[in-house]
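Chains as they are written, first to last, in this note's numbering: chain W, 9 to 298; chain U, 96 to 404; chain P, 6 to 455.
Heads up, a few of these hints could be off.
[What the hints assert, rightly or not] If you want the footprint, here are the derived chain W segments under chain P, 3+ residues with CB under 8 Å: (1) 119-132; (2) 137-150; (3) 160-172; (4) 221-227.
[Stated by the list, open to error] Here's a subset of chain W near chain U, in silico, CB distances under 8 Å, partners left out: (5) LEU245; (6) ARG291; (7) LEU293.
Treat the hints as calculated values from the structure; they're not laboratory data. Every residue, glycine too, gets a C-beta built ideally from N, C-alpha and C.
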Amino acid sequence: MMEILSYINLILNGLLLGGLFALTAFGLSVLAGIMRVINIAHGDFAILAAYLSLTIMNSFGMDPFLSLVFVAPIMFAVGYFFQKFTINRVLAMGANQVVLVTFALSIVIQNLLLLIFTADARSLITPYLLTNIELFGLNPSPRYAVGFISALIVFGLIFIFFKKTYLGKAMRAVPFDPEAAKMIGIKSEVIYNYAAGLALLVVAIAGVLLGLAFTFYPDTGPMYVLLSFGVVVMGGLGSLKGTLIGGFILGEALVLGGFFFGSRFQLMFCYLVILAILYLRPRGLFGGKV
Amino acid sequence: MELKSRYIYIVILLAVLTSLPLWVGGFLRDALILFFLYLAAAEVWGFMAKHAGIVSLGQQIFIGVGGYTTAVLSMYFGIPMYASVIISGLLGAGLAGLLSFPLLRLRGVYFAIGTFLAAEVIRLAFSGWEFVGAGKGLIFRDAYGIPTTIIYYPALALAVISIFLVYLLYHSKLGFGLRSIGADEDVACGLGVNTFVCKATCFILASLITTLVGAVNVIHHTYLHPTSAFSISWTVNFLFVAVIGGVGTIVGPIIGSALFVAFGYLFAQYLGLSLLLEGLIVLAILIALPQGVWSAISRKLKLNLKPPL
Amino acid sequence: MDMKMPISAAAITKMHAIIMAVVIIIAAVGASASYYLTLRPGAPEYIKIGWPAPLTGTLAGFAETTPWMAQQVEDYVNNKLGGIYLSEYGKKIPIKIIIRDTKSDPDLAATIAAELITKDNVDIMLALYSPAMTNPISAQCEKYGVPCIVSQTILLSWLMGAPYEWSYAIGLAEPDFAILFFDLFDSMGDKVNKKVAMINADDPDGRGFSESIKIVAKARGYTLIDAGLVPYGAADYSSYIYNWKSSGADILTGNMLFVDFATLWRQCNELGYKPKIVAMSRALLFPSWVEAIGGELPNGLIGYTWWSPFHPYKSSITGQTASQLVEAWEAHSGKQWTPVLGLTHAVLEVAIDAVKRAGSLDKTKIRDALAETNLNTIAGPVNFKAPLTPQQQARYRPFENLMKYKDHYVVVSPVAIQWVKGSKWPWEMQVIYNWESPEIPETAKMFLLS
Chain W
9 MMEILSYINL ILNGLLLGGL FALTAFGLSV LAGIMRVINI AHGDFAILAA
59 YLSLTIMNSF GMDPFLSLVF VAPIMFAVGY FFQKFTINRV LAMGANQVVL
109 VTFALSIVIQ NLLLLIFTAD ARSLITPYLL TNIELFGLNP SPRYAVGFIS
159 ALIVFGLIFI FFKKTYLGKA MRAVPFDPEA AKMIGIKSEV IYNYAAGLAL
209 LVVAIAGVLL GLAFTFYPDT GPMYVLLSFG VVVMGGLGSL KGTLIGGFIL
259 GEALVLGGFF FGSRFQLMFC YLVILAILYL RPRGLFGGKV
Chain U
96 MELKSRYIYI VILLAVLTSL PLWVGGFLRD ALILFFLYLA AAEVWGFMAK
146 HAGIVSLGQQ IFIGVGGYTT AVLSMYFGIP MYASVIISGL LGAGLAGLLS
196 FPLLRLRGVY FAIGTFLAAE VIRLAFSGWE FVGAGKGLIF RDAYGIPTTI
246 IYYPALALAV ISIFLVYLLY HSKLGFGLRS IGADEDVACG LGVNTFVCKA
296 TCFILASLIT TLVGAVNVIH HTYLHPTSAF SISWTVNFLF VAVIGGVGTI
346 VGPIIGSALF VAFGYLFAQY LGLSLLLEGL IVLAILIALP QGVWSAISRK
396 LKLNLKPPL
Chain P
6 MDMKMPISAA AITKMHAIIM AVVIIIAAVG ASASYYLTLR PGAPEYIKIG
56 WPAPLTGTLA GFAETTPWMA QQVEDYVNNK LGGIYLSEYG KKIPIKIIIR
106 DTKSDPDLAA TIAAELITKD NVDIMLALYS PAMTNPISAQ CEKYGVPCIV
156 SQTILLSWLM GAPYEWSYAI GLAEPDFAIL FFDLFDSMGD KVNKKVAMIN
206 ADDPDGRGFS ESIKIVAKAR GYTLIDAGLV PYGAADYSSY IYNWKSSGAD
256 ILTGNMLFVD FATLWRQCNE LGYKPKIVAM SRALLFPSWV EAIGGELPNG
306 LIGYTWWSPF HPYKSSITGQ TASQLVEAWE AHSGKQWTPV LGLTHAVLEV
356 AIDAVKRAGS LDKTKIRDAL AETNLNTIAG PVNFKAPLTP QQQARYRPFE
406 NLMKYKDHYV VVSPVAIQWV KGSKWPWEMQ VIYNWESPEI PETAKMFLLS
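Between the sequences and the hints, there should be enough to build the whole structure, so can you do that?
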């Protein structure tokens, strides 16, 4: 009985963790899906949001969740203007330039954070999340559960946004045919600006949740980039559903990989799962025509 | 006749470069070795990315494999160092051939991420492999005795070979196939280009050069650690050299590599600010000259160079 | 076909101009550089100490005190002492500490070390902060023949590059930590059971620790419930925690990065695993790491340190005691002290002492003087010729390199510490077990977590 419960618990925690991964990868999914670009600075944006939240928490004594009221709009603006003044300028030159620009940005963010906040380790952890929940003999992690629930809410909202609003529809239309979109009066650059803003808004939420779940310091960002990319390519570029499911697969792969293959092969197992899925489906699980 | 005189200049340039270690100080020799190594790897990376549309974020695989093979063969098996370097090159090319089958099925962003993931898998494998020192890394003691005056030559040779390879590739039938793939892979396929063979050949050649760069680098630096040997920062550095100079050109990476090496030395003096400055300057250059320094110069001077230059 | 395309005359002349320009520039730079480098003045202007340090990047926390420390010592020696007397020149010569940022990248560390040697002509090199920095830097020193003082590193990882001719280390020995922790566990008697949960990072430190623990645990009759070696950044440890919980292990030990330990310890808490002793190597060195675990979770965690303000030593240069050095740093930075301060200062003491005794800037003479070092530093006595104690010999016997190359290292003995709520800072360490250094006071009694 105890055995079975601990298995269920493992799978449950994998699922919760997967939600957090999906949310983290979401911003990347939006940018890669709409512009076909690789944003190396993705993880650093998340950590930037965590530091913003930390600053607000320390100066106003505000709960990290409430701090999102400020952090999310700030990050939206960061995304909008960075896209407008930097990425859009090099986008036409090709993907290589964008990779380098975002890499440079990643270095700049990390080192600004290092200058301002020093190399000390930080955490947004709040005492109420450090409890030991017991539910029908299961122990779901409250830190991951919060991430999971937020992920479901955010994905729901974004789904509605893409389906119902003009801007959302335009964002979905541009990648399929930028020329056609232009003909019906959609300026792709402007759409990109909003898309980047939206991506970073979600990254802000993910960053705060990561800060709640894990320790961070100025160099933590790159840790999340590869996992996020794994989630995005597994699900398929431009597929919201794919990103969510990719997150769950990664969460389970991490937890079960550690259980069955031992800790040393945990991460390697995750990467191999992603590569295997890519081998079978070169455009991810739900990726359409490129 | 005009063409002939151009060759004379190339010969003079090569003569100067070959004799350089004889009359140039130790530090400059060091810097030039780095310059040639980054140049060699960035030339092929840039060609692959620009003309064949293969944007690899996993070239660190070959840097690491080249370094480890060379060190392990000459330290543990007593194989002469130059032979180890050559064997490591062949091994790297073979590995690239093997990796082509799963990875070249992928395109664009998928390929980039796929190569990145593959590099991480290989890094993790090396971190756990006791035989090559695992996470402790490997100190290549046998290379202590090799002075930079000697290491200089393989580095120079690699850079020259890499430049000629890119030049020849561009003008070959294969290069034509690759460029058509770079422009539109589906159309190329429709025109009867065997896309897989073209891309795989290009990937293998580029990886061969990159592996040799890794091999020479380990002789120069005498230390290997899985985390740094298989670090994405290698590929990002090649990308920096190629893109800052002008991706897809031959002269671009020469400028890019010179800037890269100079930045490395210059910024290390600004304690705590080195990386920040480097990042800001890259951003500034890219925003001002998105096509790279060389493209901007050649446009300004109206050089009208033929494409691969 | 493309080859036969005619090239316009204008393009050719421009081409010529550019090639000529490149040739001239390279020649000019090369010539001036070689002239500059062959020009060596008779009496040196400075004694140059090269220090490639990870000021940015993942190891930045370790090198945080480096620029401040270098400045303090440089000012003191040059202004208060008027330099270091070198008998070869019959006068005092000021020191110059040249710090360069390695960005925590081993490959750049090698590049920078070579630059300091070939361009700045440093007389002695310092290589600190983890094997990723010390190994490439001391490899370059060996290659070029420059005396090198290695510190703040794990000796077994560093000795992998032995034999060394030019490098000497003041380091930590993996086998020590395991024995230190088990001596501490033994002292608890029947209050804890003999089941030990263990988890280690998959890196040199983690491996070394894991191997030593296995030997000691077997010898002393403890049962290990080993989760194995974990890669960095795993977000989930629940499978191991369930295992530990069901086996009822009272002790949790291991060697991990602090980020990973923070995740682990929070998860232990969430899953209701409550060991009585948590003794972690590496993850509990810095106060900021401990604080970031969050809430009340850090209370009572046990780690080790090789230096603290309670250590009864003082600087051979400035005469500062350990606690005065801590005060000076806290006043300067407004930040809590870290154990890194001690060795960061001690390497400068050893470097200056070696140059002073050599009385020359000849690299071989400095190296020979370094080998003869017998100095009481702020981090304790440094004497490369001193033999191992009988206890050390017994511990190090399984490790061939530690036995073979004794002349190139000294070991800093660790003491066990426990983190408790502090008065000046949120969390402060107390020495609970001085182990083989009776001169270091025990400042508090150890308590069990439950």
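Going down the list of hints, with the structure as the test:
no. : hint    : verdict
1   : 119-132 : holds (count 8)
2   : 137-150 : holds (count 8)
3   : 160-172 : violated (count 0)
4   : 221-227 : holds (count 7)
5   : LEU245  : holds (6 Å)
6   : ARG291  : holds (7 Å)
7   : LEU293  : violated (12 Å)
Checked against the numbered hints listed earlier, the structure breaks hints 3, 7; every other hint is satisfied.
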